[in-house]
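Listed below, chain by chain, are the residues.
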Amino acid sequence: MQTETLYLPKSSPRDQTLSPALISASSHRCWIATESGHAVRLSLAGYMLHFWASYRVCFSEPVKDLRLTAYPNHFIKKQSETTAASSKHNESFKYVPIRASYQHWWDSLTHHGNYPHEIELEVTFPDDRKTTVTLPIILQMRLPLRILLIIAIAFFWIPYGIARDAISGWDVSSVFSWKSWGFGVLSALAYVTWYICLCVWSLRARAIELHEQFQERWSGRCG
Amino acid sequence: MSTAIDEKTLAILRSFPNPFADGVCPQFTDPTFRDIHIQEIFAEPREQLFKAIDSYRVANYTSNHSLPLSAAITIIGPRGAGKTHLLESIQHRFDGQPQLIVVRQNESFDEDLSFEEYLYQLLIQSLLEPHASSGVRYFDAIATQLTRLILLQTVGSLSAIEQLIATNPGGKNWYRLLCWGNGNDILSRFNMLAKDLEKPASAEELRHLEIRHQLKEARLADLAMTYLQRTETGAESLSIIRRELYAAMIRATMSNQSDAFDQFLEADYRPVNKRAIFRTEVVRQLLFALVEVCALVQLPIVFAFDNLEGFLAPGGKFLGRKAASFLEGIAQTIDHFRGLLFLVFAEEGMFTEMRQHAGTFARPRLDRGVSFPGMPPLDRVHLSSPRLPELKKLILNRMCKIRDALAASALPEWFPFPLEFVTETGNSGQAIRGKIEALRAKYDALVFGSVSSPAPPLGKLDGDKDKELALFAARVWKLKQGEAGRKLDVSVLGNGQDLAQGLGELLKTGLAVLNPAATVHPFLEVGDDPRYGRFCLVECPSNGTIVRIAIGLLLASGKGMPMDLQSKFAAFHDEKIRASRLVVLWSTNNTSANLVDALPERTRQVWDDAKADIKTTLRKVGPEDLRLMLAFPLWRDEVRKENPDFPEVAIRTFVTDNCQAILTLVPPIGKQE
Numbered sequence: 051m052q053t054e055t056l057y058l059p060k061s062s063p064r065d066q067t068l069s070p071a072l073i074s075a076s077s078h079r080c081w082i083a084t085e086s087g088h089a090v091r092l093s094l095a096g097y098m099l100h101f102w103a104s105y106r107v108c109f110s111e112p113v114k115d116l117r118l119t120a121y122p123n124h125f126i127k128k129q130s131e132t133t134a135a136s137s138k139h140n141e142s143f144k145y146v147p148i149r150a151s152y153q154h155w156w157d158s159l160t161h162h163g164n165y166p167h168e169i170e171l172e173v174t175f176p177d178d179r180k181t182t183v184t185l186p187i188i189l190q191m192r193l194p195l196r197i198l199l200i201i202a203i204a205f206f207w208i209p210y211g212i213a214r215d216a217i218s219g220w221d222v223s224s225v226f227s228w229k230s231w232g233f234g235v236l237s238a239l240a241y242v243t244w245y246i247c248l249c250v251w252s253l254r255a256r257a258i259e260l261h262e263q264f265q266e267r268w269s270g271r272c273g
Numbered sequence: 002m003s004t005a006i007d008e009k010t011l012a013i014l015r016s017f018p019n020p021f022a023d024g025v026c027p028q029f030t031d032p033t034f035r036d037i038h039i040q041e042i043f044a045e046p047r048e049q050l051f052k053a054i055d056s057y058r059v060a061n062y063t064s065n066h067s068l069p070l071s072a073a074i075t076i077i078g079p080r081g082a083g084k085t086h087l088l089e090s091i092q093h094r095f096d097g098q099p100q101l102i103v104v105r106q107n108e109s110f111d112e113d114l115s116f117e118e119y120l121y122q123l124l125i126q127s128l129l130e131p132h133a134s135s136g137v138r139y140f141d142a143i144a145t146q147l148t149r150l151i152l153l154q155t156v157g158s159l160s161a162i163e164q165l166i167a168t169n170p171g172g173k174n175w176y177r178l179l180c181w182g183n184g185n186d187i188l189s190r191f192n193m194l195a196k197d198l199e200k201p202a203s204a205e206e207l208r209h210l211e212i213r214h215q216l217k218e219a220r221l222a223d224l225a226m227t228y229l230q231r232t233e234t235g236a237e238s239l240s241i242i243r244r245e246l247y248a249a250m251i252r253a254t255m256s257n258q259s260d261a262f263d264q265f266l267e268a269d270y271r272p273v274n275k276r277a278i279f280r281t282e283v284v285r286q287l288l289f290a291l292v293e294v295c296a297l298v299q300l301p302i303v304f305a306f307d308n309l310e311g312f313l314a315p316g317g318k319f320l321g322r323k324a325a326s327f328l329e330g331i332a333q334t335i336d337h338f339r340g341l342l343f344l345v346f347a348e349e350g351m352f353t354e355m356r357q358h359a360g361t362f363a364r365p366r367l368d369r370g371v372s373f374p375g376m377p378p379l380d381r382v383h384l385s386s387p388r389l390p391e392l393k394k395l396i397l398n399r400m401c402k403i404r405d406a407l408a409a410s411a412l413p414e415w416f417p418f419p420l421e422f423v424t425e426t427g428n429s430g431q432a433i434r435g436k437i438e439a440l441r442a443k444y445d446a447l448v449f450g451s452v453s454s455p456a457p458p459l460g461k462l463d464g465d466k467d468k469e470l471a472l473f474a475a476r477v478w479k480l481k482q483g484e485a486g487r488k489l490d491v492s493v494l495g496n497g498q499d500l501a502q503g504l505g506e507l508l509k510t511g512l513a514v515l516n517p518a519a520t521v522h523p524f525l526e527v528g529d530d531p532r533y534g535r536f537c538l539v540e541c542p543s544n545g546t547i548v549r550i551a552i553g554l555l556l557a558s559g560k561g562m563p564m565d566l567q568s569k570f571a572a573f574h575d576e577k578i579r580a581s582r583l584v585v586l587w588s589t590n591n592t593s594a595n596l597v598d599a600l601p602e603r604t605r606q607v608w609d610d611a612k613a614d615i616k617t618t619l620r621k622v623g624p625e626d627l628r629l630m631l632a633f634p635l636w637r638d639e640v641r642k643e644n645p646d647f648p649e650v651a652i653r654t655f656v657t658d659n660c661q662a663i664l665t666l667v668p669p670i671g672k673q674e
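Residue numbers (the numbering used here), protein chains in the order written: chain A, 51 to 273; chain B, 2 to 674.
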């Protein structure tokens, strides 16, 4: 049999290098800021983004390029395909501008709760190394708007219920009955309560999900 | 000029004990060290050693290659030269630079035990003991710093949402954080924590992070432990050791567990489902892990071996095998480890004897020394006797309290001694201990009127005691000459190294009298062949330049002789020697007037090929001369062993009287040419 040269795969020399536990972690920071540069509120369920608002997904310098690779495209639109650079409090960073909005105004009536999603940002460093950062977000309507909308729905609910009862029973007296109005108010309150519970429940579910991820990453010693 | 002491002063002096009573530095930490230490004494060797130690402080550490090569420095001085005091002054470093000086606590040294194991045990002992002057346990200090670094990495690796979750908010806070999203306050607390962790802090401060940053320390410790498990994931011994060591450090710092290090020592470092590993492998990795953590906190590790007589010559009997094992051990460690510095404090005679037992593997490694930029490597430090100004400082220091009691600042610095006595003692070549003993005896005589006379002025062989010394020296000389003769009868070439060293030591001693301006390097080796290439180098100032004369012995005969001669000519080209002249001392019975013509044919060919001109001199040495060379170190060691205070000047006088034949062999010394 013909012999052949031993093929040695490329590998780093067997050196007693510093423990990975002590190698300095990257000092890079990733965050979401408003258009004016203020940090977005952070809850246990993620960054709280509002509809009809513009944001910046920021990453501290030095960085070559940023790219949004995954995001809820029915709610979030990239405002620009290019990355912009800025600085604040002596910290320079690059960012991708985004806007959270409904595709149609009608969606605001049907999608006025909390919508947990994730934004995935692909970061290219100056030496062409790449990494992906995942940021948990919660999309929601601004609080005053939400209150107004809920109240409007609730108040619409009362006459709607009374009118529906009057038409279906051919009984006009129910329109003037305190009992009907009282029942209508209670129904509206039940709706508001149900809505608040639903919102909190969705936030809680997302927070528990993130907590589980945290526990998995930190090997169950914590928590 | 004499200092007269009046009765009143004498009364005050007598109310104090003799301040020169302690001439011997104990082999344990002396609490009064700072009071008795005088910076000016041995300032130069101390600075050299501090420089060497500081070269092991690395600013950046990425792998073991960041550490300088291990090396050994031998501090040589006669008995009573102040070696132990010098070591203690290094331990009590006054500039406060941290350093880990590892010293033996007892005389146990088992040559059958792995030397790395021995060093490892010494290192552990030293890490766990409170430091001599600061009282700090080095393990705790290192643990605090390492824990802080790991905490910093841990905090840095937590994402924003993880930081929120890590605070583990409960009940009301949890819902507030969930619904209102005020987590940025918590992020800023983590930012502040990271900034605080960037600065060095004590263990106490680290444990108070809970109060300062409202973060539970147990939680932080858990996170740090998890981070450690997640990042240091290797399955080999070193990774396992690092995990256990760093975890022990975190426990010791954050949970105040005093037995954390003991738990680390008892841990099983064997990789899971891997072959059984030898203890020596584990010890090597353990030692490396400890050297690494010390390097990370810029803590040089110095193994200092003092009082070698204690374990290499117990009861005055020199144990050659033990000495060889000790030096081989150091050499092996130098070969296998980076970042370790060895300081060997040895008495001249003991050192010569040790080297004779060291193999050819050990010697070059021990001689490599510590390299500095722009300076030759430092492998040896000779402790010379303190001169008059230093002696005056010593007197002033020891008399400090008494002078305060006398309230007389106008007293001369040599008070209460006569200036003549101080000058004579200061200028003598006696070791420091001898000088202190002379001061003690004189002080007793002056103050207490003691009948015991001070130690004799040195170098003058007169008086009954000196006659006794001279007789003793002559008796030992005769014995050692006989011993040397017997050795040479067995083999001349086999004693080549001892002969070369003896020649060098002899020239060094004799030259100190005949040509004090010259510097002698008693023993230098050139080339790869351990049998040849041994030289003594004499540097003589002449007309503003330095003449470098290499002196080598041509001992081989037959086939080896041309090689032996060839190796001698290497002295002209070797970087270490760079000889400007060469003297070859040929061991022969030939009586021919022209020695070159008497060389065997092939050796003559080498001589002719080398174009040996007036720069090279061939001289004859007879059996008698060789006996002197071999006998001298034996004699010197013996007289010093029997009489530790045997004056250096007396040795020099003895050499010039008895070894004139050797001294005249070399022209600049004998001044014949």
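Warning: the hint list may mix true and false statements.
Said to hold, decoys possible - Which stretches of chain A does chain B cover? Using the computed rule of at least three CB atoms under 8 Å from a CB of chain B, they are:
no.: 1; region: 82-94
no.: 2; region: 143-156
As the list claims (entries may be wrong) - Dumping the calculated DSS-like pairs for lysine-lysine here, alpha-carbon to alpha-carbon at most 25 Å:
no.: 3; chain 1: B; residue 1: LYS479; chain 2: A; residue 2: LYS144
no.: 4; chain 1: A; residue 1: LYS138; chain 2: B; residue 2: LYS196
no.: 5; chain 1: B; residue 1: LYS196; chain 2: B; residue 2: LYS318
no.: 6; chain 1: B; residue 1: LYS488; chain 2: B; residue 2: LYS318
no.: 7; chain 1: B; residue 1: LYS488; chain 2: B; residue 2: LYS621
no.: 8; chain 1: A; residue 1: LYS127; chain 2: A; residue 2: LYS114
The set of hints was computed from the structure by calculation and includes no laboratory data. All C-beta atoms, glycine included, are put in the ideal place defined by N, C-alpha and C.
Evaluated hints:
no.: 1; hint: 82-94; verdict: holds (count 5)
no.: 2; hint: 143-156; verdict: violated (count 0)
no.: 3; hint: B:LYS479 x A:LYS144; verdict: violated (90 Å)
no.: 4; hint: A:LYS138 x B:LYS196; verdict: holds (19 Å)
no.: 5; hint: B:LYS196 x B:LYS318; verdict: violated (61 Å)
no.: 6; hint: B:LYS488 x B:LYS318; verdict: holds (20 Å)
no.: 7; hint: B:LYS488 x B:LYS621; verdict: holds (20 Å)
no.: 8; hint: A:LYS127 x A:LYS114; verdict: holds (22 Å)
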